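Asker: Protein chains in written order, with my numbering: chain A, 1 to 680; chain B, 1001 to 1680.
Worth flagging that the hints you see were computed from the coordinates, not collected in a lab.
Note that the coordinates shown come from a computational prediction; the quantities given were computed from them, not determined experimentally.
Accuracy of the hints is not assured; some may be wrong.
[Claimed, not checked] Calculated pairs, DSS-like style, for lysine-lysine (alpha carbon to alpha carbon, straight line, at most 27 Å):
id, chain 1, residue 1, chain 2, residue 2
1, A, Lys641, B, Lys1273
2, A, Lys544, A, Lys352
3, A, Lys678, B, Lys1579
4, B, Lys1678, A, Lys579
5, A, Lys658, B, Lys1678
6, B, Lys1625, B, Lys1678
7, A, Lys662, B, Lys1678
8, B, Lys1641, A, Lys25
9, B, Lys1662, B, Lys1578
10, B, Lys1541, B, Lys1518
11, A, Lys99, B, Lys1647
12, B, Lys1360, B, Lys1544
13, A, Lys647, B, Lys1099
14, B, Lys1625, A, Lys662
15, A, Lys647, B, Lys1678
16, A, Lys678, B, Lys1668
17, A, Lys141, A, Lys307
18, B, Lys1625, A, Lys625
19, A, Lys268, B, Lys1360
20, A, Lys641, B, Lys1268
21, A, Lys658, A, Lys641
22, A, Lys517, A, Lys625
23, A, Lys99, A, Lys517
24, A, Lys99, B, Lys1641
25, A, Lys360, B, Lys1268
26, B, Lys1544, B, Lys1518
27, B, Lys1678, A, Lys578
28, B, Lys1541, B, Lys1517
29, A, Lys625, B, Lys1678
30, A, Lys625, A, Lys662
31, B, Lys1668, B, Lys1579
32, B, Lys1307, B, Lys1238
One-letter residues, chain by chain:
Number of protein chains: 2
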Amino acid sequence: MSAFSDIDKLAISTLRLLSVDQVEKANSGHPGAPLGLAPAAHVIWRQMRMNPKQPDWINRDRFVLSNGHSVALLYSLLHLFGYDYSIEDLKQFRQYGSKCPGHPESDSPGIDITTGPLGQGVSNAVGLAIAQANLAATYNKPDYTLSDSFTYVFLGDGCLQEGVSSEASSLAGHLQLGNLICFYDDNQITIDGNTNVSFTEDVCMRYEAYGWEVLHVENGNEDLDAILNALEQAKKSKDKPTLIKMTTTIGYGSLNAGSHSVHGSPLKPDDVKQLKKKFGFNPDESFVVPQEVYDFYNKTVIQPGMKACEEWHKTFEGYCSTYPELGSELKRRLAYELPEGWEKALPTFTPKDSAVATRKLSEGVLQAIHSYLPELMGGSADLTSSNLTRWKEAVDFQPPSTGLGDYSGKYIRYGVREHGMGAIMNGIAAFGAGYRPYGGTFLNFVSYASGAVRLSALSGHPVIWVATHDSIGLGEDGPTHQPIETLAHFRAMPNMQVWRPADGNEVSAAYLASLTKKSTPSIIALSRQNLPQLEGSSIEKASKGGYVLQDVANADITLVSTGSEVSISVDAAKVLAKKNIKARVVSLPDFYTFDQQSEEYQLSVFPDGAPIMSIEVLATSGWAKYAHESFGLDRFGASGKASDLFKAFEFTPEGIAKRAEKTVAFYKNQQVISPLHKPF
Amino acid sequence: MSAFSDIDKLAISTLRLLSVDQVEKANSGHPGAPLGLAPAAHVIWRQMRMNPKQPDWINRDRFVLSNGHSVALLYSLLHLFGYDYSIEDLKQFRQYGSKCPGHPESDSPGIDITTGPLGQGVSNAVGLAIAQANLAATYNKPDYTLSDSFTYVFLGDGCLQEGVSSEASSLAGHLQLGNLICFYDDNQITIDGNTNVSFTEDVCMRYEAYGWEVLHVENGNEDLDAILNALEQAKKSKDKPTLIKMTTTIGYGSLNAGSHSVHGSPLKPDDVKQLKKKFGFNPDESFVVPQEVYDFYNKTVIQPGMKACEEWHKTFEGYCSTYPELGSELKRRLAYELPEGWEKALPTFTPKDSAVATRKLSEGVLQAIHSYLPELMGGSADLTSSNLTRWKEAVDFQPPSTGLGDYSGKYIRYGVREHGMGAIMNGIAAFGAGYRPYGGTFLNFVSYASGAVRLSALSGHPVIWVATHDSIGLGEDGPTHQPIETLAHFRAMPNMQVWRPADGNEVSAAYLASLTKKSTPSIIALSRQNLPQLEGSSIEKASKGGYVLQDVANADITLVSTGSEVSISVDAAKVLAKKNIKARVVSLPDFYTFDQQSEEYQLSVFPDGAPIMSIEVLATSGWAKYAHESFGLDRFGASGKASDLFKAFEFTPEGIAKRAEKTVAFYKNQQVISPLHKPF
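Chain A on its own, in the form it takes in the complex (with noise of 0.2 Å):
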C-alpha cells in the first residue's frame, strides 16, 4: 500500500505550479528542474525536521540545493512551510531587492547555503554533514541527544561534472558520513543537451568507489513510494553517505518535457495553460495554493517541527544542569560569541626574540589558542608537515573504525583537494555552533579553490585559510608554486581579508582579526623562510590593518610593505638615512582592515608631504590606492635559493634604497598629496 494519497499529488502540482509561475512572472529563470524534482522534495521535505519560526535551530536538518538554478522551487518550499515569504514575495522573484534571489542566497530565510555555482553545494554539504557529525560527538551524551540532524541535497549533472564535488565526495566516503543523504537528479539533460555529448561515465559505479551507499529510483516523476524507500534506507546507512539517483523528466508535464529548452528560459504561455490544466489547476490563475496543502504542511511538519524544536529547547535545558560545563560551553558557541578573555593566549614576541617564519609563528598561535576554543576545526591539503596546522595534541576528525582518530577530532585531514576543503569549510561554517574552520595550502594554490573563497566572502562565511609558501622566498620549487597575482586577486574580492603578517605580533593579529569578525573570510599568507621581530610592531598596532612601524620627522619617503619585505625595508630605510634620506617605514598586513580605520588615523600612516612607495615581493596591482610608487614582481619567479632569488629581483636593502632615491628625487618638486584624498 502506498504511503501516499491525493493531497501528495495536490501539493506536489502545487509546488510544479507554484515554481512555474514564478519564472514566468519573472520572465527569466529555471523551470524544468523543478518540474521534475517537485515529487522527491515533497517526499524529503514531508519528513524533515524544521521550525520555520527559528530557522537557525541548531539541530535542524539541512536542505542544500547544490543544483541552484532550481531556486523557484526552494522558495515555493520555504512558502509552503511556512517561512518567512509571503506570495508576494514570489512574485518578485529576481527582481532587484527582492527577498527571492536567481539563486538561493543565505542571508534569506531559511536558506542552509549559497548555491548555483555548480559543484559547490554538494561540497558544502559534506562540511554541513562534518560539523554535524562534529558536535554529536563533542556534546551527545548517553542520556542527551542534542544532534542527531541530517542534510539532504539535491544535486544535477553539473554538480557531478564539477571537480570540487569529486573532491568533496571522495573525502566524504573516506570519513563514512552516513548522516549525508544526496538526491542525483539524473535527467539526462544539460545545457549542450542530453548528458550523452560529454558525460557517460556510471556515476552510480563512481560514488560506489568512493565508498558511498548508492541506491537508484527509476521513476522520480511519479514513484513516491520509491523516492520514500530509498530516503528512508538511506537514513539507515549509519557509515555511508548515500547517493540516490532519481530519473526524471527535466520540465516534467511541459510539452518540451526533456528537452533543454525547458531547461534556463520560462515556458510558453500555452504551456503553462495546459500544465496547469493537466494537474487540474485553474490555466487562468497564477500563485494558487489549495488550503488543503498549507493544512496539510501545517499539520504533517510546521507543528511537529515546531515541536521538537521546543522538546530539543528543554532537552538542552537539563543538558545544562547535567553537565553545566559542556552547556555554557555550547550555549556561548550558539551564541556566535567567542571565551571572553581567549585573545590574552595569542603570544607576543620583542625584537629579542628569535627570527621565526610566520607559518611557524602561526602554528604557535594554533599552539595557544586551541584549548579556549573547541570551535576550532582546521586541517591542510596534504601540506600538514609543510603548513603547520596542526596541534600537538590535535586529535583527527577520522571515522572510529579506522583507528586513526574519532569524530570529535578537530584536525581533518583533506587530502590533495584544496577546492574541496575550500567549500567544506563554508559548509562547516554555515552548519553554525560557532565552527570556526581554518585549512592549510600554499598560498598560489589557495587559487585552485576560488570558486570556493568567493563563496565565502559572498555568503559571509568567516573561514580561514592559511596559507603559507607566500612568496618566491619559497625558493627552490620555483615558479608553478611561487605566488605573484594572488594577493592582488583576493584583495580585490569584496569582503575578503588578506594579511601578511611580518612578525609573530602582526601573526597574533591576523588571528585575532580573523576570529573577531563573525562575517568575514581571511587568508593568511605566511612565509617559509625565518623573518626577525620587528622593533615596534605589537598586536594592537596591528589589528588595525595597517601603521607607521618606524616613524621620522620631516620624510623624505615612506616605505610601506608586508609580510617578509618589511624587515627589509626597514634595513633599506638605514641605508637611505646613511644617504641623508629619511623614510618612515609602514607595515600593512591588512587592507581591509586598515580601509575600515577613521580616515583621521589612515592620514596619520599615509599622510600628504612626502612619496610613498610600496615594496612587496608579488604584482603590484592594487598598491596604487595607498602607494605614489610600487616596487613589486610583475613577472614570474625562478626556481633556486630563497636568498638568491631575491638578490636576483633586487629585493633587498640597496635594493629598495635605489628605487626610493629614484622615488625622492621623482617628486622632489611637486606638491605631493596622500594617495588616500579622493574626489568621491
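Could you slot chain B onto chain A? The hints should help.
Answerer: Showing chain B alone in chain A's frame:
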C-alpha cells in the same frame, strides 16, 4: 623468459642514483618518487619514439610527469636519452638560472609540458591526446600515416585527489582516447603520511566508471616484464584510455623506503652511501653513468628514434606531393604561422550597424574565421548556447561510434568542467601543429580554472577564454554568477591578455590580438547585453589595447572605460558637455597590449593636464595605473534586471557625469600629471 637483462637493471640503477645525486647536490628536492618510478620510466622510455636532436618532432611520443616533483628523474632520463642536458646541468638542479628548475618547465629542452601543481599534468595529457587524435583524423590518409603517437603519463596519489584530474579523466573516457596511457604511482604515501588518512576510495573502480581500461602491476619496483606487458596491453586498447596502477615503494632502496620522510627532502649521506652500495655503485662517487648505459639507450632508442624521424620527414615530403593542399596547410601549421590574409575575414562595423551583445559578435568572428584557421579547436563548458562558441557548420570532436561527430571535428563538448577545460586547452596548445584552443564559460567561472589559467600564462600557451556574461549586466542570475574581482585577478597575472571589447570592431581586434600572439593566453570578456557600435572605433585602433575614442581640445577630464561602460561613458561626456565640462573618452580594451605600446603613444592616450577617471562595473583594483580616480563596483552584485542594476549602482550617463564633476573639481587647482609617469 624476461624481455630484460642486466643492462636494464644497470640503467635503472643509474636513473635512480643520478636522480638522488641531483637532490643531494641541491640539498633540496624529492628523492622518493624517482627511486620508486625509475623501473617504469626505463620500460616506457625504452620503447618511446623520440628524436633528442629534434625535440619538437610532431610525431614523437609525449611524456608527461604529472607528479612534477619527481623532476630529477626526468632530467636523468633526458640526459641519458641524448637531450641537451649535461652532467654539469644536472649538478645545477634547483639553482637560480639553471636549465634544471625544481619542477618541469616547458621552456627547457625535451619537456613537453610544465607540471608541478598537482592534477594538471594528467589533464594536460588529455589535451595532448585530443590533439593527436584530431591531427591523425585530419591529415592521415590510407597511404600516409603522419600521426600515430602516444601520450604517456606518470601521476601520483595527489594528482588523483585533485578535482581537475577527475574532470579531465571523465571526459577522456567519454572521448575514448586510446592513445593515452597513464601510470599511477600507487606508493600509498603523501606528505600527510599514509594515504589511508584521506584517500581510501577504489581508484581502479573509479576509472572503470569513467570508461577507462584499468590494469594493475603488483610489483612496480622490480617486475619489469609486468610493466611491459601492461604497457603493451594498453597500446592495444584502441578505444579506451588506460590507467595502469603500479604499486611501488616510495624511496625504494633507501633506509626510509615506504615512509613520507623520503618524499620531499634529501636523503641522509649514510643512506645515499648504502643505496649506492646496494645498487652496485661506488658509494663515494656521484653523478656516475656507466658507458654501457649510454650505449644501450643510444642503440635501442636514440638511433632508432632519429631514423624514425628521418623517415617521417620523407613520408611527409611524399604526402605533400600527393596531397599538396593538406600538405602545405600542415607545413604552415608546423611552422606555427597563420595563413596569410586570414585577418581580412574579421568583421568590421560602423555606428549605423545595430547594437549587438559582444558575445554574439564573438560568435560572428568565429563564424567568419573558422574556415581560414583549421588549427582553431574550440568548445564550451556546457554553455554553448550562452557563450555562442560554436560556428554553424562545426562538427563535434566525438568518438565516431557515438554518431555525434568524429575525431576530425573541431568542437569539444567539455561538459560542466571549467578547470578540466583549461588544463586540456593547455595540452592541446602544447601538442604543437599550431593548435589554437578556445573555450567558453561565464567570466565568473574562469576563476574555477585559475590553476590552469596560471599555467597557460607561465608556459606561454596562447589559449583563448571566451568569457561571456562579463558583469552585473548578466542580470537575474545574481551575485553568484556576476564577476567583480575577476578582471583585477587576471590583469595582475603576468603574460596574460584580458580583453573587454566595447563593440564589434573591438571584438575583432581582441581575436586578432589573441590569435597573433604566439605565447600569451587571452581572456576575452564579453557582454550578455546588447551594446551599440561606437563612433570612432576600429580594429586598427583597438589593436593597440587602448585608444582615444573621442577627443576634445583642452579637455577638463578623460573618461577611460572598457566593454559595456564605454558607450555609457560616451553619453556621460554629452551630459558633461551640457555643463560645459569637456571630456575625452578613451576605450582601453586590454591593459597588456596597451602596456606594450611606445611611451609616446601611451602618453598621447593618457596625457598630463587633466584628471583621468576610469569607469568599469567591476572591482576598481588595478585601475590606478592609468587613472587618478576610479568608478567601479567594489561590492558583490545583485539579482535583478540588468537595466535595474545599472541604475541602482549608478552606472548611467548621469551617475558617471556626477562623479566626473567631482573629479574635475577635486583636481581644479592642482598640477595634474599622468599616472603613466613613474620614478622607475
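Asker: A separate judgement is required for each hint: does it hold in the structure or not?
Answerer: So, going through the hints one by one against the coordinates:
no.: 1; hint: A:Lys641 x B:Lys1273; in the structure: holds, 26 Å
no.: 2; hint: A:Lys544 x A:Lys352; in the structure: holds, 24 Å
no.: 3; hint: A:Lys678 x B:Lys1579; in the structure: holds, 22 Å
no.: 4; hint: B:Lys1678 x A:Lys579; in the structure: holds, 22 Å
no.: 5; hint: A:Lys658 x B:Lys1678; in the structure: holds, 14 Å
no.: 6; hint: B:Lys1625 x B:Lys1678; in the structure: holds, 10 Å
no.: 7; hint: A:Lys662 x B:Lys1678; in the structure: holds, 9 Å
no.: 8; hint: B:Lys1641 x A:Lys25; in the structure: holds, 13 Å
no.: 9; hint: B:Lys1662 x B:Lys1578; in the structure: holds, 16 Å
no.: 10; hint: B:Lys1541 x B:Lys1518; in the structure: holds, 21 Å
no.: 11; hint: A:Lys99 x B:Lys1647; in the structure: holds, 19 Å
no.: 12; hint: B:Lys1360 x B:Lys1544; in the structure: holds, 23 Å
no.: 13; hint: A:Lys647 x B:Lys1099; in the structure: holds, 19 Å
no.: 14; hint: B:Lys1625 x A:Lys662; in the structure: holds, 18 Å
no.: 15; hint: A:Lys647 x B:Lys1678; in the structure: holds, 23 Å
no.: 16; hint: A:Lys678 x B:Lys1668; in the structure: holds, 13 Å
no.: 17; hint: A:Lys141 x A:Lys307; in the structure: holds, 22 Å
no.: 18; hint: B:Lys1625 x A:Lys625; in the structure: holds, 10 Å
no.: 19; hint: A:Lys268 x B:Lys1360; in the structure: holds, 24 Å
no.: 20; hint: A:Lys641 x B:Lys1268; in the structure: holds, 20 Å
no.: 21; hint: A:Lys658 x A:Lys641; in the structure: holds, 23 Å
no.: 22; hint: A:Lys517 x A:Lys625; in the structure: holds, 24 Å
no.: 23; hint: A:Lys99 x A:Lys517; in the structure: holds, 25 Å
no.: 24; hint: A:Lys99 x B:Lys1641; in the structure: holds, 15 Å
no.: 25; hint: A:Lys360 x B:Lys1268; in the structure: holds, 24 Å
no.: 26; hint: B:Lys1544 x B:Lys1518; in the structure: holds, 17 Å
no.: 27; hint: B:Lys1678 x A:Lys578; in the structure: holds, 25 Å
no.: 28; hint: B:Lys1541 x B:Lys1517; in the structure: holds, 17 Å
no.: 29; hint: A:Lys625 x B:Lys1678; in the structure: holds, 15 Å
no.: 30; hint: A:Lys625 x A:Lys662; in the structure: holds, 20 Å
no.: 31; hint: B:Lys1668 x B:Lys1579; in the structure: holds, 16 Å
no.: 32; hint: B:Lys1307 x B:Lys1238; in the structure: holds, 26 Å
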